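There are 2 protein chains.
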Amino acid sequence: MLAMLPVLVVHGGAGNVPRQRAELSCAGVREAARAGYALLRSGRSAMDAVVEAVTLLENNPAFNAGCGSVLNEHGGVEMDALVMDGRTLASGAVSAVRRIANPVQLARLVMEKTQHLCLTAEGASKFARAVGVPEVPEETLITDYARKRWQRNLQPGSNPVECQMGKMGTVGAVAVDSEGNVACATSTGGMLNKMEGRVGDTPCVGCGGYADNLLGAVSPTGHGEAIMKVTLSRLILFYMEQGKTAADASDQALAYMWERVQGLAGVVVVDPRGGWAARFNSLQMAWAAAQNGQLHYGLGKGEDFTLPLQ
Amino acid sequence: MLAMLPVLVVHGGAGNVPRQRAELSCAGVREAARAGYALLRSGRSAMDAVVEAVTLLENNPAFNAGCGSVLNEHGGVEMDALVMDGRTLASGAVSAVRRIANPVQLARLVMEKTQHLCLTAEGASKFARAVGVPEVPEETLITDYARKRWQRNLQPGSNPVECQMGKMGTVGAVAVDSEGNVACATSTGGMLNKMEGRVGDTPCVGCGGYADNLLGAVSPTGHGEAIMKVTLSRLILFYMEQGKTAADASDQALAYMWERVQGLAGVVVVDPRGGWAARFNSLQMAWAAAQNGQLHYGLGKGEDFTLPLQ
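Going down the list, the sequences are from chains A and B.
Under the working numbering, the first residue of the first sequence is numbered 167, with each subsequent residue one higher.
Under the working numbering, the first residue of the second sequence is numbered 167, with each subsequent residue one higher.
Keep in mind that the hints were calculated from the coordinates and are not lab data.
Just so we're clear, the structure is a prediction, and the values are computed from it rather than from any experiment.
Treat the hints loosely; a few may be bogus.
[As the list claims (entries may be wrong)] Listed below are the simulated BS3-like cross-link pairs for lysine-lysine, each with C-alpha atoms no more than 27 Å apart in a straight line:
{"id": "1", "chain 1": "A", "residue 1": "K467", "chain 2": "A", "residue 2": "K410"}
{"id": "2", "chain 1": "A", "residue 1": "K292", "chain 2": "B", "residue 2": "K314"}
{"id": "3", "chain 1": "A", "residue 1": "K410", "chain 2": "B", "residue 2": "K467"}
{"id": "4", "chain 1": "B", "residue 1": "K292", "chain 2": "B", "residue 2": "K279"}
{"id": "5", "chain 1": "B", "residue 1": "K410", "chain 2": "A", "residue 2": "K292"}
{"id": "6", "chain 1": "B", "residue 1": "K410", "chain 2": "B", "residue 2": "K467"}
{"id": "7", "chain 1": "B", "residue 1": "K314", "chain 2": "A", "residue 2": "K314"}
{"id": "8", "chain 1": "A", "residue 1": "K292", "chain 2": "A", "residue 2": "K279"}
Construct the complete structure from the given sequences, taking the supplied hints into account.
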């Protein structure tokens, strides 16, 4: 019998991954999917699983989140993250937070320990100190690769937006646990050479993620401003509410975003019964999905490789 | 013949306005609606009109935005604002910005002068300096009334959330200009005695406002965290897309928000043909609407007073 639940799907960013980084990206998303799925199999919640998967992706320097984040115009790291719990619609977010190893965990603490949904910048840092989340030296979040790309984009005539889409993006995860609860988590270093204080789609509920036990969960990646203009995550769930599958709803929403605002992005999506999708209108998106003892993964259009899960 | 366009609707916050402030609130929203409508009648855009109306409400100390903003836990003023242009889905926002007289104008400048959609905290302040928006002393934004309420809520046993809903809120405006373009603007001092860095629904596209020439425009007010959990503004426009009137869509979305997360809020809404609504599930919301030479306004349930516009 096919066990649809639990299921977990992760992404490591939409864009055009350079060949030398493609294997690192694919290995990273496979590892994150395995780890999150193992938690689900041991009976832990969808929220636990998506936070665990995104924590691993943040810790992996191959991705633009946590260690490996892109640098802003001043060469600094400012990160955004969001979690949402489909049981209660509770959500937590941080925006433009600095010197935190795992913004996704801080976002979860905002959800659990405050009356608020989002804390930004220095206020988020003060909250982190108050709840005992250690501050890390900024240098520990910066890779040589990120610094080189930052420097290149300081040159006249450079185009950080295009460069961003040509490389790697935001990370995220969605899951349904054995009890049918859904959750999403998204984390990012944002846009390459962004202005100080720029906040993208990630910490914005309905844009950088959404989770509702009645509908499903979405985590997107791609051009944040385009994702926000169409509230991409909530849009996909509206299409699913109208009867579309996760894959069809994703394709329809991505096509709509392209038509209205010429945006490129990708998404991972689950429905409460365990249907899932990993779709993108960018050239590539590193993704992996774990369900029913199998690990699916891919990077280019139409790819769906499978491996057995131990 | 009935001229449906142009139309402008403003709100001055949902809650339970104390009697001594009720007339101030009603006079303020009437003045803002008149001013925004005058621009529309002179051929200016919906975006110009909503920014003008919200600027007046920010400058009016009777409202929780600009001068008159509520104070955070440290007695400081941190403000959020959003604008959205229904022609292009372009949007601009600022979050947790300090020492700015008119955050709504700064949000518009983010939309017009940057590649980004939202700037937060110190980054937003630096952008303001770069584009010549003057910094104002924080004292000029703080009223005696705001300081008294802040002090009262520092007492043990106080409940700032309840106190907030018992008083006054966020301000906002929606409009359709003579060419059928829609826009929204929202501005707020946020939640009374909030944590430093707390970001509410206002700067979050789809939550604190949405505008799309194909659907209409929404500006909400009320409990920000509840508004975010259901992406209230985008939800109302989905219901309108499915054929509901602005009023019915608003009532359905507010009822849904109450049922799912027990949230209290209010909204002003327009559709592209000039249909409009001002609806709330809180006890009161100060609102005013200008259309076809008439000014409508109200505060309590079912109120719809009219005055001729010169």
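Evaluated hints:
As the CA atoms of K467/A and K410/A are separated by approximately 21 Å, the hinted pair is consistent with the 27 Å bound. Taking the CA atoms of K292/A and K314/B, the gap is near 25 Å; set against the 27 Å cutoff, the hint holds. For the given pair, K410/A sits about 39 Å from K467/B by alpha-carbon distance, which is inconsistent with the 27 Å threshold. With a CA separation close to 13 Å, the supplied pair K292/B and K279/B stays within the 27 Å bound.
For the given pair, K410/B sits about 45 Å from K292/A by alpha-carbon distance, which is inconsistent with the 27 Å threshold. Using a Cα cut-off of 27 Å, the hinted pair K410/B and K467/B holds, with the two alpha carbons roughly 21 Å apart. Straight-line distance between C-alpha atoms of K314/B and K314/A comes to about 52 Å, which puts the hinted pair past the 27 Å bound. A threshold of 27 Å between alpha carbons decides the hint, and for K292/A with K279/A the separation of about 13 Å falls inside it, so the pair holds.
Hints 3, 5 and 7, counting from the list given before, are not met by this structure.
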